Amino acid sequence: MVKNLPVVPTAKAGSLVETPTGITWRIQYPVILETCNMCLDCTLFCPDGALVQQEGKIVLKVSLCKGCGICANECKENAIEMIPEYSGVKGVFR
Amino acid sequence: MSTTLLTGSEAAAYGAKLARIEVLAYYPITPAFPAMERVSKFIDDGELNTRFVRVESDHSALAAALGASLAGSRTFTVTNSQGLLYMTEVVYHTAGLRQPVVMAVANRALSAPHSRFPEQGDAISQGASGWIQLFCENNQEVLDNMLQAFKIAETVRLPVMVNYEGYIQSHTLEEVGIPNQETIDQFLPLNRVRTLDVENPQAVNTVASPEFYMDYKFHQNEAMEQALTVINDVAAEYGKEFGRDWSGLIDTYQMEDAEHAFVAMGSMVSDARIVVDELRKQGQKVGLVKVRAWRPFPAEALREALKNVQLITVCDKNIVFGLGGALGTELKSALYGQDCRVNSYILGLGGRDVTTEEIKKVLELSEKTEKQATASEWFGL
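Sequence lines, in order, name chains P and E. FYI, in this note's numbering the residues of the first sequence are -11 to 82. FYI, in this note's numbering the residues of the second sequence are 46 to 426.
Any given hint might turn out to be false.
[Claimed, not checked] Some chain E residues well away from chain P (every beta-carbon gap over 10 Å; in silico):
no., residue
1, 137
2, 216
3, 356
4, 381
5, 382
6, 415
7, 422
[Stated by the list, open to error] 30 Å max Cα-Cα, derived DSSO-like pairs, lysine-lysine:
no., chain 1, residue 1, chain 2, residue 2
8, E, 330, E, 377
9, E, 326, E, 405
10, E, 262, P, -9
11, P, 49, P, 0
12, E, 405, E, 416
13, P, 0, E, 262
[Stated by the list, open to error] Label pairs and their computed distance ranges (CB to CB):
no., chain 1, residue 1, chain 2, residue 2, range
14, P, 71, E, 344, 56 to 66 Å
15, E, 116, P, 7, 18 to 28 Å
16, P, 0, E, 355, 52 to 62 Å
17, P, 24, E, 237, 42 to 52 Å
18, P, 1, E, 267, 25 to 35 Å
19, P, 71, E, 243, 39 to 49 Å
20, P, 29, E, 102, 23 to 33 Å
21, E, 258, P, 40, 28 to 38 Å
22, E, 258, P, 37, 21 to 31 Å
23, P, 14, E, 348, 49 to 59 Å
24, E, 237, P, 7, 23 to 33 Å
Calculated directly from the structure, the hints in this document are not laboratory data. Just so we're clear, the structure is a prediction, and the values are computed from it rather than from any experiment. Glycine included, each C-beta is placed from N, C-alpha and C at the ideal position.
Bound conformation, chain P alone (with noise of 0.2 Å):
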């Protein structure tokens, strides 16, 4: 049965963010150390908008991370480190 859809490919406003899709194949994430002097960058250069400046801290929105890592190259400060999502041989998620 052919789905009923609307005419111009189309989805509500915002649902990208209500279902995220990263959080099921990313393999690192970022963690932001002490040394983050709060340039900001990385909330600019993030492709999805996952790191937010929060009460004055940098703060990742994990579910719209797909660790790519563009935050961590980019910061001048060297202030985020990728973690990997997997550690140990049998790929335990941690």
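Assemble the complex: chain P is given as a structure, and chain E must be docked to it using the hints.
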């Protein structure tokens, strides 16, 4: 209605003006350029209330047109050959997003080697893109098809290309009747659909998972099939209103008792009418089938029009490499199982002239050919 001398490009521009286009997005290319030049003059003279978006490439031209159309405006652009290839990504976007953009295409040969001369290869390259494609035989039809194109597009929510050959049509003056604005306004009320709406924000062209993509494509193709009826209806309505009936998907000429049919699209058709008249005077039972809508492909209409014909000669001003002429190949496929011989010829590539003499020679050659060749034959090398 007034009658004046117009080039094909000007006829397209007058069509856009009568349709009261709201946005023109354009990047210059030869031979499509004069159409945009004329529209921009209408705007400058205050005869047309249109936003002219000047962009940095053909890709951006159609992208701007697509955006304007998503915002609900009646939108027009013009291009050909390399420009059409450069905007190809957005050609598919426009069809997939179901926007009724109308694009005039002054058909020109594709590089390499570089050529500025007429040929239909550029339009043919977009045959799988989901655009409705109309081909015009003369400048009057360019103007009339422009107006019908907007009506068809806004009915089935698909974009339409109006094809006319570079120079042969785009730069040649012909007598063209221009309908009154008032009657066109009645024929072509703006059927506005806004997708970009600040009151109701939506994410456009979001990722469609395997669960949805195929269903979207099914609906898109269904709209193409709907166009098979709509193109006929709109042509009939236009004919009734303005006295020029271009006969929908295909047109037939002297086909009642024809034993040999000539099938073509574009400027060749008007020459072929003269050839058919001449050969009829000599007692030859020759007829003409014009393919006016190449997309959607009018397979059923062609089967019906050619059901009593033994010999069919089909000519293509294009080459699909490794396959043959596009129209010839598709016609053979449409006529599968029908008892007839189809001889397919490729001619007139890159501006090589096709006059009534060439058409006569092709028809003679086809009569003499005893066995149908699998591939298309090259004529006029």
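**Request:** List in ascending order the numbers of the hints, as given earlier, that are violated by the structure.
**Result:** none
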